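Residue numbers (my numbering), protein chains in the order written: chain A, 279 to 492; chain B, 429 to 668.
Keep in mind the hints are simulated off the structure, nothing from the lab. Don't take each hint at face value.
Now the stretches of chain A that chain B is said to cover, found in silico as 3 or more residues with beta-carbon under 8 Å [to be verified]:
1. 344 to 356
2. 392 to 398
In the SDA-like style, the derived pairs of lysine to any residue whose C-alpha atoms are separated by at most 25 Å in a straight line are [what the hints assert, rightly or not]:
3. LYS458(A) - ALA523(B)
4. LYS458(A) - ILE521(B)
5. LYS349(A) - ASP469(B)
6. LYS404(A) - ALA477(B)
7. LYS557(B) - VAL588(B)
8. LYS307(A) - ALA428(A)
9. LYS457(A) - GLY499(B)
10. LYS390(A) - ALA293(A)
11. LYS637(B) - ARG606(B)
If you're wondering where the values come from, they're calculated on a predicted model, not measured in any experiment. By construction, the Cβ of each residue, glycine as well, lies at the ideal position given by its N, Cα and C atoms.
Below are the chains, spelled out letter by letter.
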Amino acid sequence: MGSVSEQLLTLDLLADWLRRYAAIVDEHKTYLTELDSAIGDADHGANMARGTAAVLTHVDDATTIDALLKKAGMTLVSTVGGTSGPLYGTLLMKMGMATGSVVELSAEDFGKALRAGLEGLVARGKTELGDKTMVDALAPALDAYDAALADGSDLHDAVAAAAQAAAAGRDATTPMVAKKGRASYLGERSAGHQDPGATSSTYLFDALADVIGA
Amino acid sequence: MAVGIVVVSHSRALADAAVDLAMQMVHEDPPPVAVAAGMPDGGLGTDAAAVAAAITEVDRGAGVAVLVDMGSALMSAEMGVEFAGLAEGTVRILAAPFVEGLTAAVVRAVGGATLAEVAEEAEAALSPKLAALGMTTGGDAPAEPPPSGDGDVSGEAVLVNETGLHARPAALFVAEARRFDADIQLRNGDAGPVKATSSIGLATLNARKGDTLRLTATGPQAREAVDTLVALISAGFGEL
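This is chain A alone, in the form it adopts within the complex:
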């Protein structure tokens, strides 16, 4: 178990989270676009790299967690270009609305913020689990995070469990038939391809695990 201070998610840590996420997306943008070229319009990597790069220009300005997340979300809405913009934007903006004007969050409150973000995203995308979308990585990750905390795990272990569950959820999208987005035009032919949105969603938890050291 870590010390009490290590159990908090500070403004600086969450800014680092967004920086690390941008770095991972940039590193994998060609891969993301390849995934998207199989079942989508071949722009997910480029779109997300453009959006997260724009987020980087603002992360230093925020003085509270809600401001950091809302600004990052709004930036994604305006710069990503594809459906991922409103979806990731909603996720982060709803998280920001849930945290309040604070500079640190408990592991539990961060989980609640993630949950509010996911609920916003689901409402925005009118998406269900199993539709071969971001939700298929995010929902199991959040469930694993909450379950780990409820079982008495510390933040490190909860984030590690979330990252693992996100990856499993991402992998499970491969045989799914897409129900939403451009991939749904392909119907049955969308099966056999890993979902790009679930893949970039998994990077959120990879990035968090990296900055927490989990």
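Since chain A is already given, all that's left is putting chain B on it; use the hints.
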């Protein structure tokens, strides 16, 4: 006070061209139209903040109709409507085909139609194409009035211009019909009746050169309306 129109597309070029096409049908003061399309770097994409700005720009208090192309355009439009924060029900994202719907919306918005009228017209905008290609429209076009068609005043006119009642004459006809305080309906043989103020309704008549159009009208200005419109048709919409 006209309904404002916002055009949301992945492509700035596509949106601008669609607006140009629609504006060809406008022969009076056009309604306020704003485009929210493409990314600042010229790439393809949609931006909810740009949609919100466009809504604010064209809002004159009569409501705003939003046309979207596909995919993320709808989601960005939904988010943009929320960002714009106008009163509930004053902004509508239209379930209309992009090009035909935009044209129908622009033509209908000229001269002060309500948002509901603009939406109805745009959302029926696929029906002429469906009818022309022999596809069922799943019911009468919404612009079509009840089939009584018996008005106080009636008149007939033969279409004399080469292209019949195609889009530009139809737009002129609608603009003229709207000037009168009268409920005017139009038939072409068995087709119709349709409202004379509906360009989409007129298009479903499939009226060609040599066809005889029958007008009926009720209301205070029924006689002037029928006489004026009969003269307009007989004169070939100024195209002769």
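Tested hints:
no. : hint                  : verdict
1   : 344 to 356            : holds (count 3)
2   : 392 to 398            : violated (count 0)
3   : LYS458(A) - ALA523(B) : 18 Å, holds
4   : LYS458(A) - ILE521(B) : 19 Å, holds
5   : LYS349(A) - ASP469(B) : 21 Å, holds
6   : LYS404(A) - ALA477(B) : 21 Å, holds
7   : LYS557(B) - VAL588(B) : 23 Å, holds
8   : LYS307(A) - ALA428(A) : 35 Å, violated
9   : LYS457(A) - GLY499(B) : 13 Å, holds
10  : LYS390(A) - ALA293(A) : 18 Å, holds
11  : LYS637(B) - ARG606(B) : 24 Å, holds
Violated hints for the displayed structure, listed by number in ascending order: 2, 8.
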